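Novice: Sequence:
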Amino acid sequence: MSWLKKDPLQIIAFQSYGTNSHFYARGRALEDESIDLDDQHIWHLIVNTWKRFETDEIKHVGLDLKLPNNKIIKVNTDENGYFIAEENIENLKDLANEEGWLSFELSYNDVNIKRTIQNKNRFPGELLIPSSKAQFGVASDIDDTILHTGVVSILKWKVIYNSIFKHAKNRIPLEGSAEFYHKLHRGVSGKNSNPIFYVSHSPWNLYRYLELFLRQNNFPKGPILLRSLSNLLRKKSQDEKPQKQKEIINLLKTYPHLPFILIGDSGEHDPDIYMEIVEEFPGRILAIYLRSVKHKKKMLRVKGIVDGYKVTPMLLVENSEEAIEHARQSGFII
Numbered sequence: 001m002s003w004l005k006k007d008p009l010q011i012i013a014f015q016s017y018g019t020n021s022h023f024y025a026r027g028r029a030l031e032d033e034s035i036d037l038d039d040q041h042i043w044h045l046i047v048n049t050w051k052r053f054e055t056d057e058i059k060h061v062g063l064d065l066k067l068p069n070n071k072i073i074k075v076n077t078d079e080n081g082y083f084i085a086e087e088n089i090e091n092l093k094d095l096a097n098e099e100g101w102l103s104f105e106l107s108y109n110d111v112n113i114k115r116t117i118q119n120k121n122r123f124p125g126e127l128l129i130p131s132s133k134a135q136f137g138v139a140s141d142i143d144d145t146i147l148h149t150g151v152v153s154i155l156k157w158k159v160i161y162n163s164i165f166k167h168a169k170n171r172i173p174l175e176g177s178a179e180f181y182h183k184l185h186r187g188v189s190g191k192n193s194n195p196i197f198y199v200s201h202s203p204w205n206l207y208r209y210l211e212l213f214l215r216q217n218n219f220p221k222g223p224i225l226l227r228s229l230s231n232l233l234r235k236k237s238q239d240e241k242p243q244k245q246k247e248i249i250n251l252l253k254t255y256p257h258l259p260f261i262l263i264g265d266s267g268e269h270d271p272d273i274y275m276e277i278v279e280e281f282p283g284r285i286l287a288i289y290l291r292s293v294k295h296k297k298k299m300l301r302v303k304g305i306v307d308g309y310k311v312t313p314m315l316l317v318e319n320s321e322e323a324i325e326h327a328r329q330s331g332f333i334i
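When the letters of the sequence shown are read in order and numbered with UniProt numbering, they come out as residues 1 to 334.
Incorrect hints may appear among the rest.
To be verified - The list that follows gives simulated cross-link-like pairs (lysine to aspartate or glutamate, DMTMM-like), each with its CA atoms no further than 20 Å apart:
(1) Lys74 - Glu86
(2) Lys303 - Glu321
(3) Lys120 - Asp110
(4) Lys93 - Glu105
As the list claims (entries may be wrong) - Just the calculated beta-carbon pair ranges, DEER-fashion:
(5) Ile117 - Pro259: 38 to 46 Å
(6) Pro282 - Glu240: 20 to 28 Å
(7) Trp101 - Gly308: 18 to 26 Å
(8) Glu240 - Asn97: 43 to 51 Å
(9) Asn250 - Lys66: 23 to 31 Å
Please keep in mind that the hints were generated in silico from the structure rather than gathered at the bench. Source: prediction; values computed, not measured. Don't be surprised by glycine CBs; every beta carbon is placed ideally from N, CA and C.
Using the sequences and the accompanying hints, generate a full structural model.
Specialist: Listed below in structure tokens is the structure:
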């Protein structure tokens, strides 16, 4: 009977980042649940959401990652199907394109797998090696920073509604945000290729949803850094850093000579996270832009923080035009 058939296997490579001598890629091995990213019928949106979170991961299996020079990196998936490929390799920039994107190919290497594998067992991946022309990097939140999600709504009901009942192609970005990010990417010379990193508290289950949203709305291409659903659900220790903060700290350590601009919103914990990062990495943060959200109590608190903060420029902005004007006056963009 057809409903007893097992789904074919796939590998999803998350856009990641590295350096000229350090290869670092992440992804996940899963059953292909046939999620149709183009279908916008309400029932299919609900089914697709269920499939994103009710994943059948392929745990403890070997994968081959092949670079353009045919070098093979061998990795294994963990109990949730995730893998990390990390290795020190010289002259990786020679394998990347002009924008710094290095393409690679993933495949299952276990000959004992008795399952159908999609794409003839060849799955593409990419990681970014920032250009030597880059003057700074940008680490940006997604939720309520470039995409209205309602993270400050009561019981987060808007987040649930938007994620389930709205197709990524129909989600509207906050006005002017794509233009602002392209200006930051181009930089003051117009050709700086400053790297943009999208950092969110959302789980990796929403990776392809967010990737489609960014591509559909013409945001600059950049690594999307999320977190595992298991980390999202477990109780954290009091002194444990949020995953978003860990990711930004890792970026600063990976590119020690590259200053950063941080972009977030005033609704959640971005101001506190970003100020702590400034303290830990003095002189590395050029500016902080916080988008205003419609929450009176949170706005009053954040406005008080911003008004009294003098360590690095921190702006509470109502729209992208305000951020663009400050970035221009600061010499970040033309």
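Novice: Quick check: does the Cβ-Cβ distance between Asn250 and Lys66 fall within 23 to 31 Å?
Specialist: 25 Å, holds
Novice: Between Lys120 and Asp110, is the straight-line Cα distance small enough, at 20 Å or below?
Specialist: 14 Å, holds
Novice: Can you tell me whether the CB distance of Trp101 to Gly308 sits inside 18 to 26 Å?
Specialist: Distance hint for Trp101, Gly308 is violated at roughly 41 Å.
Novice: Measuring from beta carbon to beta carbon, are Ile117 and Pro259 in 38 to 46 Å?
Specialist: 43 Å, holds
Novice: Checking one constraint from the list: CA of Lys93 to CA of Glu105, max 20 Å. Satisfied?
Specialist: Distance ~17 Å between Lys93 and Glu105 Cα, so the pair holds.
Novice: Starting from the hint 20 to 28 Å, judge whether the C-beta atoms of Pro282 and Glu240 obey it.
Specialist: 23 Å, holds
Novice: For the pair we were handed, Lys74 and Glu86, check the Cα-Cα distance against 20 Å.
Specialist: 10 Å, holds
Novice: Checking one constraint from the list: CA of Lys303 to CA of Glu321, max 20 Å. Satisfied?
Specialist: Holds, because 19 Å separates the two Cα atoms, which is no more than 20 Å.
Novice: Glu240 and Asn97, beta-carbon distance inside 43 to 51 Å?
Specialist: 38 Å, violated
In summary, the numbered hints that this structure violates are 7, 8.
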